[in-house]
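Protein chains in written order, with my numbering: chain A, 35 to 393; chain B, 35 to 393.
Derived from the structure by calculation, the hints contain no laboratory data.
The list treats identical chains as one, so a pair stands whether inside a single copy or across any two.
Below, simulated DSBU-like cross-link-like pairs (lysine-lysine); rule was C-alpha separation at most 30 angstroms, straight line: (1) 205 <-> 109; (2) 301 <-> 320; (3) 109 <-> 140; (4) 225 <-> 301; (5) 141 <-> 320; (6) 320 <-> 109; (7) 141 <-> 109; (8) 301 <-> 109; (9) 141 <-> 205; (10) 140 <-> 205.
Number of protein chains: 2
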Amino acid sequence: MTASITVSVQALQEQMAAIYRGWGMAEEAIARTVEIMLEADVMGIDSHGVTMFPTYETLQKDGRLTMNPQVRVVKETPVMAVIDGDGGLGHYPSSIAMDMAIEKAKKVGMAAVTVRHSNHYGAAGVYALRAARHGLIGISTSSVWNPSVVPTRSAEPMFGTNPFAFAAPTKRNEPFLFDMATSTVAIGKLKLAWLAGKPVPEGWALDAAGQPVTDAEVAMNSRMLTPLGGTSLMGSHKGYGLGAMVEVLSTMLAGATYAPLRPAEQKHFDIGHFFFALDPHCFREKDGFEDDLDAMIDRLHAATPVDPAQPVLVPGDPEHQRRAQRETEGVPIAGPMVEMLAGIAQRAGVPFTLTQLAA
Amino acid sequence: MTASITVSVQALQEQMAAIYRGWGMAEEAIARTVEIMLEADVMGIDSHGVTMFPTYETLQKDGRLTMNPQVRVVKETPVMAVIDGDGGLGHYPSSIAMDMAIEKAKKVGMAAVTVRHSNHYGAAGVYALRAARHGLIGISTSSVWNPSVVPTRSAEPMFGTNPFAFAAPTKRNEPFLFDMATSTVAIGKLKLAWLAGKPVPEGWALDAAGQPVTDAEVAMNSRMLTPLGGTSLMGSHKGYGLGAMVEVLSTMLAGATYAPLRPAEQKHFDIGHFFFALDPHCFREKDGFEDDLDAMIDRLHAATPVDPAQPVLVPGDPEHQRRAQRETEGVPIAGPMVEMLAGIAQRAGVPFTLTQLAA
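Take these sequences, add in the hints, and give me the full structure.
Shown next, in the form of structure tokens:
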């Protein structure tokens, strides 16, 4: 069995770029794609960074990914734009989209940019945070290629885990960063329970008939997740509504394909995304917004915790803490993933260069 | 005991207007306030319509409400505005704010308007729906005067039930309308369980020490609600993040007062609200957005239900069904509320005119 390793951020960046180069991606697309993926790895959003390569390789082999997409701005005004991703990975057009929203918002106060004909775009929070680093409020949402989330009362999945992210700038603290899937948990958590031989809590997942299930293997195989709230009694209609809202913004507004209505013969998933940036300085006097947000964050950090060993966190705290750690100590990669990445590099015809970071 | 009655929409409108007139409110403010409140009553959002009068009367007597506020636009650009509510009820400045956002969005594509120095503004969904009736996507959020929602890990409440509403226009179906509190349940549900002598489900509420509680009386007295998700295991950090996001948009962006930091001597609550409108026709060709949203709504309605007697609902269905019923059959008012309203009318020096609608 291959051992787990911890690699430097730069080594990971170079390995990811090399694989994309081997796949024939153009340099500008590589630079933007790797930047977005690396942000997820550095912030500890491990499910949305380098671990996505096996999935991307499969999509590519299945002819579902354009490796050299002609990303085009198909419509543009001072407050909005529509981008066509031409069937490539989502990170490249999405990074352009968020940058356009940021630039327009700085000029006129706010802007929204949608992306269609896209694919998986990584972690939603990375885009929202990009706006906050520019002193703006940022929002990012995305649809997902396969439905897995089951609306309240339904026995069929109708939405993906449809992520929603919101970030806002601060002065003294790290930016406010809220990034959620609109399901109760991610599919990955069902797999972890199964691997650990444990049941899943009631309210996380359903069986193929839409009934609550606690057997982790059944849950993993049916791939039927509950919306946030879990059960009707606990407000699952709210998680369902949030997932539907994300679909409206990401799919309907962008003019992408709603997965349950996608024709079987359509090879490209045609996922859509939504990006929004707003300049708080239009609304508040200089620093007023940041000062008030810092005061709220400080008050939350000072809240009396139930357990003194577990202080109250503010949205973004885990990601910012992980970044501080990984930028100096490196990014851990589990043994099986090291092995998969070595195989992917080999098949892409590029060297596998990841090695344990010297202590 | 006073009997429950069902009253016509017009009779309810006239009674509400009469009470406000008795309290000295100006006619334009009355028209807008009553219109917003009546929408809640007609859509079955009973906790946010006429039943709010006892609370408003208390606020007024306590000197916490300006009855003739000088509502002013303090800042304005083509895509945004900031409104000062001058300490009056929230409906009046909020209805102006949403109308401004709608008008601007029709001209330039999107707009956001915030309101500060405000109070309770009724049902968030009413404002979002207003945008959808104009063919626009609408969003509305509000902060709340007293903290009741306890962040994950905290033993102190740090947010109100901080509502979030989103609406979008359709062609064949009623508009998509999603309106949620970011808590698992409203305080009112704890009271209903207590009145019925039933325990509350674990995950709805906490005791004064921040521990889960099922005793309805303890829950009602501590007024400590969980964020959507209920428990850490079920994702309460997501509901907490949503509530915090609503606070950022409603309070920090508007320049209102964050309740946990409000000075004890400050009589006016200084609540803030956020309104946003976006024109989907900037992004999509004619009817493209509405057609695709209608197709999603149809697909959701056609989803196989777990129980055939309980078909899958789309966000907004309960409200639209209730409206169809109440516009013809009238609005029911419970006996104790009839009695309270009669007392409020008397103290306001106006006639009490609500009577049972003829069958």
